[in-house]
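Peer 1: Fit chain A to the supplied structure of chain S, relying on the hints for placement.
2 protein chains.
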Amino acid sequence: MSYQIHIGPNIRKSPYFDATVADGVRSFSVYNHMFIPGNFGDPDAEYDRLLNGVAMWDVAAQRQVEMAGPDAGRLAQLLTPRNLNATKVGQGRYVPICDHDGMLINDPVLLKLSEDRYWLSIADSDLVLWAGAIAKERGLDVTVSEPDVSPLAIQGPKAADVTAALIGDWIRDLRYFWFRETELDGIPLVVARSGWSKQGGYELYLMDGSRGSALWDKVKRVGASFGIGPGAPNDIERLESGLISYGADIRRQTLPTDPFEMGFDAMIDLDGSHDFIGKDALKSIRDRGPRRRRVGVVIDGTPISGNEHPLPLMQGTSDQAEQVGIVSEVAHSRRLGKNIGVGLAQVELADTASDLFVDLAEGRRKIVLSTLPFA
Amino acid sequence: MSYQIHIGPNIRKSPYFDATVADGVRSFSVYNHMFIPGNFGDPDAEYDRLLNGVAMWDVAAQRQVEMAGPDAGRLAQLLTPRNLNATKVGQGRYVPICDHDGMLINDPVLLKLSEDRYWLSIADSDLVLWAGAIAKERGLDVTVSEPDVSPLAIQGPKAADVTAALIGDWIRDLRYFWFRETELDGIPLVVARSGWSKQGGYELYLMDGSRGSALWDKVKRVGASFGIGPGAPNDIERLESGLISYGADIRRQTLPTDPFEMGFDAMIDLDGSHDFIGKDALKSIRDRGPRRRRVGVVIDGTPISGNEHPLPLMQGTSDQAEQVGIVSEVAHSRRLGKNIGVGLAQVELADTASDLFVDLAEGRRKIVLSTLPFA
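Chains as they are written, first to last, in my numbering: chain S, 1180 to 1554; chain A, 1180 to 1554.
Source of the hints: derived by calculation from the structure; they are not laboratory data.
Wrong hints could be hidden among the right ones.
Copies of the same chain look alike in the list, so a pair counts if it fits in one copy or across any two.
[Claimed, not checked] Within a straight-line C-alpha distance of at most 27 Å, the following computed DSS-like cross-link-like pairs (lysine-lysine) qualify: (1) Lys1192 - Lys1545; (2) Lys1397 - Lys1192; (3) Lys1315 - Lys1462; (4) Lys1458 - Lys1315; (5) Lys1315 - Lys1267; (6) Lys1517 - Lys1545; (7) Lys1315 - Lys1517; (8) Lys1399 - Lys1377; (9) Lys1458 - Lys1399; (10) Lys1458 - Lys1267; (11) Lys1267 - Lys1377; (12) Lys1192 - Lys1399; (13) Lys1397 - Lys1377.
Since we're looking at a predicted model, the values are computed, not measured.
Bound conformation, chain S alone:
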C-alpha cells in the first residue's frame, strides 16, 4: 500500500523544499518536525548515483543545536561521554549523547566553530530541549538555540570533484569530519567533510535559509557535468555500510540502548576526571557488562521489501522459539545479492548461532548473523 502525506503548516518546510519539488520529489518523511525527501521516483537510479557517481540530498532536517557563550565547551562536554579535550576549532566529532541513566537519546556530530561556539548536528529527537534544560539547571553561561542552518549533502565517489568545482580544491585536504566556514556567491556556508553514507562526501551547512533554492540550483548546475542528481539518505546503503539510524536502531522510549551495546566503547571515557551526564550509570553498565551487541543479519531467500517496524530476532523451532534480539531494519542489497539487516542480539548469542529466524511480511525467513559493515 502507499499512503499520502499532507503538506501543512504543523510540520516545517526545509529551505530546499521548493527546489526539491521542482526536481520531482515524490515522497517525504518527517525528521525533527521537518519534511525530508524520501525519493525522487527512481530509487534504483538514486542508489546507483550514490554508489557510482554523485548525489545531492536535502538534509536540512538534520537541525543544529547551537551552544554559544563562555560555558559552551563546558556544556558540550557535560552532554557526551566522549572526551572532548583534544577537539580543535574546525573539527567535528561523532558524540553519543546519554541521559542520566546512561541510555542514548541522540547521536549527533559536534562541530566546534570556536572556543565558545559549538553545534550539535542532530538525529531525530529534540535535543535542544535537553541541552537547554541542562544549561539552565546548571547555571551555565551559555545560550542554547536552533540557528538558521540547513545542511545540503553531496555524497558519492564524485562528491569531492563536485565540491571542489563549487568551493575550491582546498576541500580535498579537509580531513574526515573537519569543516571550514566559507561562502559561495555570497551564500554563507560551513563546508564539512561528512555525511550519512560511506561513499564519501561533503555537507554544505547553509547559514541563510532564504538562499535554499539558490544553493540547490548552484550545486545542481555545477554538478551537472559530473552527473549529479537528487536523492535522499539511503537505507540500503546505510545497512550495507553498518551506519546507525537513531529512530530505527535506537530510540530512547521504545528501543532503549546503551552506548556499549552499540559498540561505542572507545568513545566512553569513564576514567578521565571530566564530569558528564550518565557517567555513574555508564560505570555500572560497564561493570556488569553490556546485555546486547550490535549485529548484522543475512536473511535467506528471495529479495525482500523493507520492514515497516522492528522485528523480533527469534531462535528455535516453531514450537519452542524464544526472542534473542531485535532486527531493526532490513533490505535487499542488489549489490551484494542478498537480504541484509542490522539489529541487537543478546550478548551470549554466538556469531555462529543457528536456528535463527525472523517473521517478515514475506513470511518466516532463516537468518544468520554477520559482522558489520557488509561492504
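Peer 2: Just chain A now, kept in the frame of chain S:
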C-alpha cells in the same frame, strides 16, 4: 501536488495502525515520531461526522509522559505556571509548559492518576527529555518515562452515546477533562472526557498496546448503530473552534510564543508562592506586556485550500506594506461559508485594522481580524 510517505521502522506505528489500514486510511502525518492518520479518503464526510454524528480517531501519537514517585507532584508543578494545588485525583488540567525563558515548549493535558502518579498527554515535542532532565538535575525522587498508553478519541455530538454504550452510563457524569480507570472486555483503559475538538467527546487511553485492534474493532462495532466512522484530528473544525495547534500556532524554535500572547493569562500564577520553571522570565514579560495577541482572521474571496507554511500578516499597500503578525493556519469553512484562519498580531493592531492582506497560493487576499472562536 500529492506526495507519498514511506512506512519504515524509523517512525513508530500506532497500536491502531493495522486497524486504520483495514478501515482504509489514505494519508498519514508524523507526530511525536509516530504515524498518525490524516484522512480516510472523504474529508467532507469525515468533517460532517465530527459535526453531526460521531467519529473515531487514532490519536496514539498523543504520547504520555509519566511522572511516578514521591516527588511526582512536585515535578508536575515545577513544569507548569498553572497552580496545581486544587487538582484532584481523577482530574485533568490543560497545562502550558514553558522553558526558563518563559516561552512555550508544549501544551499538554495533565492527568493526575494518584498523589504520586501523573501523565502529561503531550503535543508534538519531546517533553519526556525536558521533564527527565529537570527531574534528575533537581534530584527529585520521581521516574519519568513514556508508558504503553495510546489514546483513541471518540468525538462528536453522539460521542457520549457511543461511549456510554461501550463503557456505561456513568461516563455521562464525567466533568470536562476528568477521567476514570476502567476496563472493557479485559482491555485496561483510562476514560477521559476530552479531545481535540469542540464537538464534545471522550478519549480512551489504551493501556496495553497489544490490544489496539481489539479496542478499535470494539468501538467500531458498538458505534455502528450511531453511524460512527474513522477520521482524524480536523484542522477545519479546530480553526472554527479556535483550538491551538502546537507546531502550527506555536513552535519554540520557529514561532517562539509566550503564554500571555496565547491568552493564557488566567493560567499563569505569578503571585503564588510555588516555584516553577520560567517564573522570573514570565514576570518580566507580564511587566512589559505581551508583544502580540492571538487573533482570528477572515479571508476575502472564493474558497481557498489550506496553507503549507506560516504566512506573514501584512498591512498597507503593495508599495508600502509591513508585517504586523503571522497567520499560522487557514482553511475554507463550508459551515460558515467563509475562509478563516488563526494567528498572532502585534498587540497594537486594532480589531478594526484595515488594509490587511496575506499572500496565499491562490494569490493576494484581503483579510479582516475576528474574535475566536468563529463558531
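Peer 1: None of the hints should be skipped; say for each whether it holds.
Peer 2: Hints, one by one, checked against the model:
1. Lys1192 - Lys1545: For lysine 1192 and lysine 1545, the Cα distance is within 27 Å only across copies (25 Å; inside one copy 42 Å).
2. Lys1397 - Lys1192: within (20 Å within a copy, 38 Å between copies)
3. Lys1315 - Lys1462: both (26 Å within a copy, 17 Å between copies)
4. Lys1458 - Lys1315: Answer is both: 20 Å inside a copy and 13 Å across each meet the 27 Å cutoff.
5. Lys1315 - Lys1267: Within one copy, since 26 Å is at most 27 Å while 31 Å is not.
6. Lys1517 - Lys1545: For lysine 1517 and lysine 1545, only the intra-copy Cα distance (13 Å) is at most 27 Å; the inter-copy one is 59 Å.
7. Lys1315 - Lys1517: For lysine 1315 and lysine 1517, neither the intra-copy (50 Å) nor the inter-copy (46 Å) Cα distance is at most 27 Å.
8. Lys1399 - Lys1377: For lysine 1399 and lysine 1377, the Cα distance is within 27 Å only inside one copy (22 Å; across copies 48 Å).
9. Lys1458 - Lys1399: For lysine 1458 and lysine 1399, the Cα distance exceeds 27 Å both inside one copy (46 Å) and across copies (49 Å).
10. Lys1458 - Lys1267: For lysine 1458 and lysine 1267, the Cα distance is within 27 Å only inside one copy (24 Å; across copies 38 Å).
11. Lys1267 - Lys1377: within (24 Å within a copy, 55 Å between copies)
12. Lys1192 - Lys1399: Within one copy, since 20 Å is at most 27 Å while 36 Å is not.
13. Lys1397 - Lys1377: Within one copy only: 24 Å inside a chain, 49 Å across chains, cut-off 27 Å.
This entry does not satisfy hints 7, 9, going by the numbered hints stated previously.
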